[in-house]
Amino acid sequence: MTSPAIEISGLTKDYPVGFWRKRMRRSLDNLTLQVEEGEIFGFLGPNGAGKTTTLKLLMGLIYPTSGTARVRGRSIDDVAMHREIGYLPEQPYFYDYLTARELLDYFARIFGFSAKERGERIARFLERVGLADAAGIQLRKFSKGMLQRVGIAQAILHDPRIVFLDEPMSGLDPLGRREVRDIILDLKREGRTVFFSTHILSDAEMLCDRVAVLLNGKLQGVGAPGDIVSMELHGMEILFELGDGQALPRRFADRATVTGRRCRIEVPEAELYPVIEELRRCEARILSVSALRPTLEDYFFGLVGREKTASHGVEVNAR
Amino acid sequence: MSAMPGVVAINTFREAVRDRVLYNLIFFALLMIGAAILVGQISVGIERIVIINLGLSAISLFGLVMAIFIGVGLVYKEMERRTLYSLLSKPVKRWEFIVGKYAGLLLTLAVNTAFMTLGLVAALLYVSHHFQRSDGSIFIAIYFILLELALVTAFALFFSCFSSPMLSTLFTIGFYIAGVFANDIRNFGELAHKPALGAVTRGLYYILPNFHNFNSIAAAAHGDAIPLSLVGQNTLYAVLYVAVTLLASSAVFSGRNLK
Ligand SMILES: Nc1ncnc2c1ncn2[C@@H]1O[C@H](COP(=O)(O)OP(=O)(O)O)[C@@H](O)[C@H]1O
Ligand SMILES: [Mg+2]
Chain A
0 MTSPAIEISG
10 LTKDYPVGFW
20 RKRMRRSLDN
30 LTLQVEEGEI
40 FGFLGPNGAG
50 KTTTLKLLMG
60 LIYPTSGTAR
70 VRGRSIDDVA
80 MHREIGYLPE
90 QPYFYDYLTA
100 RELLDYFARI
110 FGFSAKERGE
120 RIARFLERVG
130 LADAAGIQLR
140 KFSKGMLQRV
150 GIAQAILHDP
160 RIVFLDEPMS
170 GLDPLGRREV
180 RDIILDLKRE
190 GRTVFFSTHI
200 LSDAEMLCDR
210 VAVLLNGKLQ
220 GVGAPGDIVS
230 MELHGMEILF
240 ELGDGQALPR
250 RFADRATVTG
260 RRCRIEVPEA
270 ELYPVIEELR
280 RCEARILSVS
290 ALRPTLEDYF
300 FGLVGREKTA
310 SHGVEVNAR
Chain B
0 MSAMPGVVAI
10 NTFREAVRDR
20 VLYNLIFFAL
30 LMIGAAILVG
40 QISVGIERIV
50 IINLGLSAIS
60 LFGLVMAIFI
70 GVGLVYKEME
80 RRTLYSLLSK
90 PVKRWEFIVG
100 KYAGLLLTLA
110 VNTAFMTLGL
120 VAALLYVSHH
130 FQRSDGSIFI
140 AIYFILLELA
150 LVTAFALFFS
160 CFSSPMLSTL
170 FTIGFYIAGV
180 FANDIRNFGE
190 LAHKPALGAV
200 TRGLYYILPN
210 FHNFNSIAAA
220 AHGDAIPLSL
230 VGQNTLYAVL
240 YVAVTLLASS
250 AVFSGRNLK
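Going down the list, the sequences are from chains A and B.
Under numbering that gives the first Met the number 0, the first residue of the first sequence carries the number 0, and numbering increases by one thereafter.
Under numbering that gives the first Met the number 0, the first residue of the second sequence carries the number 0, and numbering increases by one thereafter.
Errors might be hidden in some of the hints.
To be verified - Restricting the straight-line Cα-Cα distance to at most 20 Å, the calculated cross-link-like pairs of lysine to any residue (SDA-like) are:
#1 A/Lys140 to B/Arg13
#2 B/Lys92 to A/Tyr62
#3 B/Lys92 to A/Arg73
#4 B/Lys92 to A/Arg108
#5 B/Lys92 to A/Asp104
#6 B/Lys258 to A/Thr64
#7 B/Lys92 to B/Leu246
#8 B/Lys76 to B/Ala102
#9 A/Lys21 to B/Lys258
#10 A/Lys217 to A/Leu32
If you are wondering where the hints come from, they were derived from the structure by calculation, not from laboratory data.
Please build the complete structure, drawing on both the sequences and the hints.
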């Protein structure tokens, strides 16, 4: 009878637009989605897709125009649900007159931890997000990356079963991104569910058990990163090196990329063996053969291109 | 009863202290020192009246300015800066947040008023070298000022749940002034001999807060006794009014989509 970690059905949010609030704009359109316990679930979409809107709806910060959602079997209206979850807002901002330690102490009090337990937890989690040395510094002096780290600490301070992270890697340097990835993987190892949004596909491809892709408020697909993009091969890529005095066979000339003696060609899967046979005949040294699969990036670009929303920025390979 | 409002209140108090809100006490101290020195030089026999009048008026004014200007930002600032996102994702109900913010500012006002009371007492001792029995009225007058501040804070908080600090300030000041003249508004309606107008002003009279009974500054200055029944009546009035206003604030705030 285990209920899914997150159960979203028909969630819709309209925002009024325009000065006189005459028109409504649909920012999230009939989202239905399930996330299972213990998953790392990536919520993908370019800027403005509706990811933050969805998370704010789940957190009860805004109310849906229609639709419902349940978290660990509890309706999102039920405040008890909030005991079991943690949330990192997008571009988090906290009481800047508090130090990192004071902020976490404030939040830990809400969960009713004893003074001893609070002290112990705060030290442990500041260490975990790499802020042990900044514990006594007022948050107004924190950089964006440091705020992001405090934000992660406050999201996991109370050992929540489900952690919601809105763009957790944003504002972090490469090292910070890796640390956050490690934290997310640790959370999964501890049996927790992680639901995080991102517009950076490589992060999702690396971490997620499953992803959902959102575009203009509409769900485009859900599945394992490998399923959501069709597994059908684009073709094969062959890297080879020509021997001394060898010329590139004529029939490859128009489709090979040549760098010095090194060549790269893409061939349809069916032609792989004949091509290799031919390369062997001309004594080329084969360096590698690999399958060309569409990546989530391709998928994204395909979607964005189809919807002709060139204005939506998609950040790729931001590492 | 939930412990949550208390946790929020302590943090609100801490914010006020860190924002150097209590620095207003320096001005109050300077005012009292200046007044005590001046009054000692120029007058005979009315030192007490002047100091008590001035001190209580200043306590009331300083408190009002604080209640209004901090009050209108209590909720608005947290919405605007999005500090509420992380807080409300925790098991904190919206009404608990409202009550906590309210209690935090009230605590700040109470501490501030306590320090000002000390200043007033010191100044009084300086000019007249003794206390009299009737000085008890001063503390009752200060208690009434605190009740008044409790009401004003509740309005400021209520308005700030749905309007900008600018508008909330105007609304709160408007409400306060209307409350001070509540009796006059009713009398005006009755003198006009127009039944419709009379009904409107009577309606207003019942909706608006009535601060008439909260001003005991003159009585305290002249050493008049303040009846205990008035203390009970004002307390009950303030508690009920604040409760209704907080209820309304919670209702409005609970329905809001955060920015
Ligand atoms: N408070 C708001 N008022 C009006 N429109 C909003 C508001 N918040 C978000 N939107 C709109 O909703 C859409 C989705 O935004 P958002 O959920 O922030 O996207 P994402 O997080 O995927 O970048 C955007 O078009 C945005 O302009
Ligand atoms: Mg977003």
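Results for each hint:
1. A C-alpha spacing of about 18 Å is found between A/Lys140 and B/Arg13, which places the hinted pair at or below 20 Å, so the restraint holds.
2. For the suggested pair B/Lys92 and A/Tyr62, the alpha carbons sit about 15 Å apart, so the restraint of at most 20 Å is met.
3. With a C-alpha separation of about 16 Å, the suggested pair B/Lys92 and A/Arg73 falls inside the 20 Å cut-off, and the hint holds.
4. Distance restraint check for B/Lys92 and A/Arg108: the Cα-Cα separation of roughly 15 Å lies within the 20 Å cut-off, and the hinted pair is therefore satisfied.
5. Taking the CA atoms of B/Lys92 and A/Asp104, the gap is about 19 Å. The hint holds against a cut of 20 Å.
6. Straight-line distance between C-alpha atoms of B/Lys258 and A/Thr64 comes to about 15 Å, which keeps the hinted pair within the 20 Å bound.
7. For the proposed pair B/Lys92 and B/Leu246, the alpha carbon gap of about 13 Å is at most 20 Å, so the pair holds.
8. Using a Cα cut-off of 20 Å, the hinted pair B/Lys76 and B/Ala102 holds, with the two alpha carbons roughly 17 Å apart.
9. As the CA atoms of A/Lys21 and B/Lys258 are separated by approximately 18 Å, the hinted pair is consistent with the 20 Å bound.
10. Only pairs whose Cα atoms come within 20 Å are accepted, and A/Lys217 paired with A/Leu32 is accepted, the gap being roughly 12 Å.
The structure agrees with every numbered hint stated previously.
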